[in-house]
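*Asks:* Build the full structure now, drawing on both the sequences and the hints.
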Amino acid sequence: MMTRIALLFLAACLYWSCTTGSAIALDCCLSITDKPLPRAYAHSYKLTDAGCSLKATVFTTKRGKHVCAPPPEKSEWVRILI
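Numbers -21 to -1, 1 to 61, taken from mature numbering (1 follows the signal peptide of the UniProt record, and there is no 0), label the letters of the sequence shown in order.
Source of the hints: derived by calculation from the structure; they are not laboratory data.
Treat each hint with caution, since some may be false.
What the hints assert, rightly or not - Simulated restraints, written as ranges between beta carbons of each label pair:
#	residue 1	residue 2	range
1	Gly30	Arg(-18)	31 to 37 Å
2	Ile(-17)	Tyr20	52 to 58 Å
3	Asp6	Lys41	18 to 24 Å
4	Cys7	Arg(-18)	36 to 42 Å
5	Ile(-17)	Ser32	44 to 50 Å
Ideal Cβ placement from N, Cα and C applies to all residues, glycine included.
*Replies:* The structure is reproduced here in structure tokens:
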């Protein structure tokens, strides 16, 4: 009986760690584009979290796509768009 409880607990911990880790990866950019995004396409933006390896500005387009751009302090077109 104790073995079943231990296995159930272990499975729950593994499931929790997998779902938590995947949420973090979705919030970070793997690469950044220097090509300016037209103002008409931009719907909203956010800055990546401190836990991400790349500091970036993530624009969401009106069609729901995400575009990773340089942070505002490194790109004039991003500052203008924000």
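*Asks:* Which of the listed hints are broken here?
*Replies:* Hint 5 is the one this structure does not satisfy, whereas the remaining hints hold.
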